[in-house]
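Since the structure of chain P is provided, determine the placement of chain D on it from the hints.
2 protein chains.
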Amino acid sequence: MTISRVAIIGLGLLGGSIGLAIKARGLDIATTGYDRDPAVRAKAAERGLVGQVYGTAAEAVTDADLVILCVPVGAMGAAAHELALGLAPHAIISDVGSSKEAVAEALAAALPGACIIPAHPVAGTEQSGPEAGFATLFSGRWCIITPPDGVDPAALAALSDFWTQLGSKVELMDAAHHDLVLAVTSHIPHLIAYTIVGTASDLEDVTQSEVIKYSAGGFRDFTRIAASDPVMWRDVFLTNKGAVLEMLGRFSEDLTALQRAIRSGDGDTLFDLFTRTRAIRRQVIEQGQDDERPDFGRGHGE
Amino acid sequence: MTISRVAIIGLGLLGGSIGLAIKARGLDIATTGYDRDPAVRAKAAERGLVGQVYGTAAEAVTDADLVILCVPVGAMGAAAHELALGLAPHAIISDVGSSKEAVAEALAAALPGACIIPAHPVAGTEQSGPEAGFATLFSGRWCIITPPDGVDPAALAALSDFWTQLGSKVELMDAAHHDLVLAVTSHIPHLIAYTIVGTASDLEDVTQSEVIKYSAGGFRDFTRIAASDPVMWRDVFLTNKGAVLEMLGRFSEDLTALQRAIRSGDGDTLFDLFTRTRAIRRQVIEQGQDDERPDFGRGHGE
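So the protein sequences, as listed, match chains P and D. My numbering puts the first sequence at residues 3 to 304. My numbering puts the second sequence at residues 3 to 304.
The following block holds chain P by itself, in its conformation from the complex (with noise of 0.2 angstroms):
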């Protein structure tokens, strides 16, 4: 089957890049959009993320061969739903969101007998909304397809295509094993950024313009992350709960770890640690997950 239509329910970073993307690689394929909010709705026309902007999602999908789900999580069973009236029989549904199990359920349950392959482009950025997106996002990152048992090979080949010309990398997962890998390359990593960011800021004997002031000691870092938008996140956690507090638990028995090593002046346990990790970053370089300068190649201004 040939993708020449494709519908993006949610105007945000990963629903604006999409668009942006398909258009900047000159791609033959239409593209629609629809976004719950006027003002994104408004946006994303003017910044032409999509081809045509509609009012209603029902409209947006109106022979779509392709409609990408770019809501928050916990959202995607909703905006199934109120998209169902204008679904073309053939057309595929995809998603974008970060927990796949939840996902591929609560499209399932909007959605019955529809093509439902649930996807996962792992990037993104701080940043959110119809003034985040850019053509270049997925370039070179992975993205990860969820199929669900019985799916059709043409449909699954359509929509690894569809990635792969948007300068993925396509990946097929198991969707269960999917929510673990990501509990810990993604969701866990966000919680303790969130979770520090919120602790420094609550302390009453560093005052929180001390914490900003002296922040490039590392803690700038996780500032960065902890931006990310806050309705996604509440979601991931909520709809991946069962990995997320699993892999929670072992981080913080690891923490425990450390603390004890810490407080009984045990300097090998420490430095065996951080040696490990090193290598750890060195992998990440060589396999062009990272940029290799220094500090991200991030500049120290004049």
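Errors might be hidden in some of the hints.
In this list, chains with the same sequence are indistinguishable; a pair is considered to hold if it fits within one copy or across any two.
In silico lysine to any residue, SDA-like type, Cα no more than 25 angstroms apart, as pairs [what the hints assert, rightly or not]: (1) K45 to A281; (2) K25 to R43; (3) K25 to D270; (4) K243 to T258; (5) K171 to D207; (6) K171 to G267; (7) K243 to D256; (8) K45 to A156; (9) K25 to E133; (10) K243 to G76; (11) K45 to P296.
Calculated directly from the structure, the hints in this document are not laboratory data.
Relative to chain P, chain D alone:
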């Protein structure tokens, strides 16, 4: 008093950057250096980190007006002992260590009667060694000086001027308060980054290659911090034990509260925190402590 000759003991990222900054800014200051590792001394001479590299600490500090110890905080006492014989009576002894009470004690014990003024430039990258330094490391960054009681005002003024000439903004602070502030803005962020990277690499149900492959979801930021120098950071945790354990206790309490919110499906608690932390990021950027571009301005392939 005038600082016309600076001896740098320890020629890694910080020591090397001080030497390079003096040279790049054309300051009228002669620089000498020493490192206990002959390979580091050779590389330092090759890169011209200082005007003259010596084979002993005592030779390097001869006639220096200012001696800056740029060694791990656990090695400050030994390094001070080593240079004692060569020290001019008028010389200011300072350092760049990330914990200040322990360093002040170690230096006072090693060099009784000397003019000791500890300092901490809040700057660095995840890299270390004689090849890591660069001339603009301190530009626009804060340098916290923690003068002891009864400090010579002229010496303090000279040290402040020195850091200002390197492009830093100088702040005076009590050593104990410094250690508390830095525990929050630097030490705990490093500790939790080391921890999560260790946790992720120890899992059975998620492979290390998956962790690396999908690290763009947030984890990769933590790998950068967790690539920092193992000896330096081991020493920071061992010498700032009290403040680190205090702050770690608060972080753990807050993390437990979020864990409970996730378990009970309390989305409001998550949303409220995630909204509050976003405001902190805005202040970090407004105060020039980080790059305002999304994702630290990190390139997105292609």
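Item checked: Numbered hints the structure breaks, given as an ascending list -> 3, 6 and 8
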